[in-house]
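Top to bottom, those sequences are chains Y and F.
The first sequence begins at 1 in UniProt numbering and counts up by one.
The second sequence begins at 1 in UniProt numbering and counts up by one.
Simulated from the structure, these hints should not be mistaken for laboratory data.
Be a bit skeptical, because a hint or two may be false.
As the list claims (entries may be wrong) - Far from chain F by the CB rule (all over 10 Å, computed), these chain Y residues:
{"hint": "1", "residue": "Ala3"}
{"hint": "2", "residue": "Gly51"}
{"hint": "3", "residue": "Arg223"}
What the hints assert, rightly or not - Label-pair distances were calculated between CB atoms; the ranges are:
{"hint": "4", "chain 1": "F", "residue 1": "Leu23", "chain 2": "Y", "residue 2": "Trp122", "range": "37 to 45 Å"}
{"hint": "5", "chain 1": "F", "residue 1": "Val50", "chain 2": "Y", "residue 2": "Lys12", "range": "57 to 65 Å"}
{"hint": "6", "chain 1": "Y", "residue 1": "Ser226", "chain 2": "F", "residue 2": "Phe209", "range": "53 to 61 Å"}
{"hint": "7", "chain 1": "Y", "residue 1": "Gly147", "chain 2": "F", "residue 2": "Leu107", "range": "40 to 48 Å"}
{"hint": "8", "chain 1": "Y", "residue 1": "Arg9", "chain 2": "F", "residue 2": "Gly182", "range": "53 to 61 Å"}
{"hint": "9", "chain 1": "F", "residue 1": "Gly212", "chain 2": "Y", "residue 2": "Ser53", "range": "38 to 46 Å"}
{"hint": "10", "chain 1": "Y", "residue 1": "Trp119", "chain 2": "F", "residue 2": "Pro65", "range": "42 to 50 Å"}
Heads up, the beta-carbon is just placed ideally off N, CA and C, and yes, glycines get one too.
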Amino acid sequence: MWAFINKLRSPKWFYAISARLLPWFWAAALILIVTGAIWGLLFAPADYQQGNSFRIIYVHVPAAFLAQSIFVSLAVTGLVFMVWKIKIADMAATVMAPLGAAMTFIALFSGAVWGVPTWGTWWMWDARLTSMLILLFLYLGVIALRGAFTSRDSASRAASVLAMVGVINIPIIKYSVDWWYTLHQPATFTVTGRAAMPMEMWLPLLIMVLGFYSFFIALTLMRTRSEILRREASKRWVRELAAEAK
Amino acid sequence: MPATDGALTKEVRVACEEPRGGLAVAVWATLKRDLMLLLRRRSEVLNPLVFFAIVITLFPIGISPDPALLAAIAPGLLWVAALLAALLSLDSLFRADYDDGSLEQLLLTPQPLALLALAKVAVHWLLTGLPLALMAPVLGLMLALPAGSYLVLAASLALGSASLSLIGAIGAALTVGLSRGGVLLSLLVLPLYIPVLIFGAGAVQATIFGDGVLAHLAILGALLALALIFAPLAIAASLRISING
Numbered sequence: 001m002w003a004f005i006n007k008l009r010s011p012k013w014f015y016a017i018s019a020r021l022l023p024w025f026w027a028a029a030l031i032l033i034v035t036g037a038i039w040g041l042l043f044a045p046a047d048y049q050q051g052n053s054f055r056i057i058y059v060h061v062p063a064a065f066l067a068q069s070i071f072v073s074l075a076v077t078g079l080v081f082m083v084w085k086i087k088i089a090d091m092a093a094t095v096m097a098p099l100g101a102a103m104t105f106i107a108l109f110s111g112a113v114w115g116v117p118t119w120g121t122w123w124m125w126d127a128r129l130t131s132m133l134i135l136l137f138l139y140l141g142v143i144a145l146r147g148a149f150t151s152r153d154s155a156s157r158a159a160s161v162l163a164m165v166g167v168i169n170i171p172i173i174k175y176s177v178d179w180w181y182t183l184h185q186p187a188t189f190t191v192t193g194r195a196a197m198p199m200e201m202w203l204p205l206l207i208m209v210l211g212f213y214s215f216f217i218a219l220t221l222m223r224t225r226s227e228i229l230r231r232e233a234s235k236r237w238v239r240e241l242a243a244e245a246k
Numbered sequence: 001m002p003a004t005d006g007a008l009t010k011e012v013r014v015a016c017e018e019p020r021g022g023l024a025v026a027v028w029a030t031l032k033r034d035l036m037l038l039l040r041r042r043s044e045v046l047n048p049l050v051f052f053a054i055v056i057t058l059f060p061i062g063i064s065p066d067p068a069l070l071a072a073i074a075p076g077l078l079w080v081a082a083l084l085a086a087l088l089s090l091d092s093l094f095r096a097d098y099d100d101g102s103l104e105q106l107l108l109t110p111q112p113l114a115l116l117a118l119a120k121v122a123v124h125w126l127l128t129g130l131p132l133a134l135m136a137p138v139l140g141l142m143l144a145l146p147a148g149s150y151l152v153l154a155a156s157l158a159l160g161s162a163s164l165s166l167i168g169a170i171g172a173a174l175t176v177g178l179s180r181g182g183v184l185l186s187l188l189v190l191p192l193y194i195p196v197l198i199f200g201a202g203a204v205q206a207t208i209f210g211d212g213v214l215a216h217l218a219i220l221g222a223l224l225a226l227a228l229i230f231a232p233l234a235i236a237a238s239l240r241i242s243i244n245g
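Starting from the given sequences, assemble the full structure and let the hints guide the process.
Here is the structure:
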């Protein structure tokens, strides 16, 4: 464990190891997303209530999963950066935050598109939608805070603290929004058929979720690699690498 | 020779130990200093209150002067306006101390920074949150807030604004080193304010509808307890980032 953490301190080691891992994650993402999309969009049976519009689930649910996991990853990498001063963790956090915000936006947008045929409206102050919207604001806050500092080290540490504060608050926000929603509106509209889903609908969803996660890991690895090159541009191994490439 | 040596070490020892012993002294001194500073700059204490009153005046003008309509939305309006007033006052929480360098001195004291920051936040609540809570019933009267909910309004605001001060201080500490941190501060802090707003405004609404008020107040208390534990640590860490950066 300690040996592994010590190795993580070296951007060069991470650069080398991620080059070997990257093709596997890209391949997994490609195969899983293509399989899941074709299965889910073409072959899975239509929902007896929502018809074909339920197929938005195959984008909506994986995006929503990622939106939440990426924020937790931000807090974890923030903690790792603050405790062990591992720069890789902060580089990963830098590149993950916009991806998380994008996933939150995709989840919200696909939810709105889904809302039109099912609820007859683009937006509902539904508990799930509201907490997703707040999550988007939290992401934007982290990104804005990181951008506001001129010193990179301060920016990294400030963003780490905010991500950790946010992650403590996410469950509190989630439960209070649920409470607020049940107080204000009777739960007339629940997204039907999410819990009790037949196997033919559920399996492609699982594949899509795994595919999205692989995509997220691959993209994060790739963008962390370019972040390493950018931040370590003055180091000798990076200059040698650049000379080789020429 | 040995006698002077002994005297010297004793002096040195006293010099080292003196500031370390007095945690209560340091907290009390910080409390007293901040209270005195704020009381001498009265406008800083009064501005949030005036802001609160003006915002509440805007709503009847912008929506409708109809008492029935206003009464229905009054709990939420009062809470949102008080929350914004508390938010606006946050930017000055560490600003003056940062500019004149006394924040650095605070960081250098041997006492735990978290507790000293807690003292500063306590003063902020005492001179912002508490006055807002006391003023809210008067503005509630103007919004035709149903009778019987005034006490709960003041109590929920007093309890909730303590959490608001604590959570907001994290944002204030993170942005104090930035020259234009004001809008950023709101962006960081407002999403974190939502639980407090839900249960605070919920408490007032529960009184109006005759539901259980104590549950809301209890949860506000629980949020405050959580914030009291975690926020000072985050504030201290954020202040260190802002000073060293």
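We went through each hint and held it up to the structure:
Every CB of chain F is more than 10 Å from the CB of Y:Ala3 (nearest about 29 Å), matching its label as outside the interface. Distance check on Y:Gly51: its Cβ is at least 35 Å (rounded) from any Cβ of chain F, clearing the 10 Å threshold; non-interface status holds. No Cβ of chain F comes within 10 Å of the Cβ of Y:Arg223; the nearest lies about 24 Å off, and the non-interface call holds. Remark: the range hint 37 to 45 Å for F:Leu23 to Y:Trp122 is contradicted by a beta-carbon distance near 56 Å.
Here the CB-CB span from F:Val50 to Y:Lys12 is close to 59 Å, well matched to the stated 57 to 65 Å. Taken as a hint, the range 53 to 61 Å holds for the pair Y:Ser226 and F:Phe209, whose Cβ atoms sit roughly 56 Å apart. Y:Gly147 and F:Leu107 have their C-beta atoms about 25 Å apart, which leaves the hinted 40 to 48 Å range violated. Our hint of 53 to 61 Å for Y:Arg9 and F:Gly182 is violated, since their Cβ atoms are close to 38 Å apart.
Between F:Gly212 and Y:Ser53 the CB atoms are about 40 Å apart, so this pair conforms to the stated range of 38 to 46 Å. Between Y:Trp119 and F:Pro65 the Cβ separation comes to about 34 Å, which falls outside the hinted range of 42 to 50 Å.
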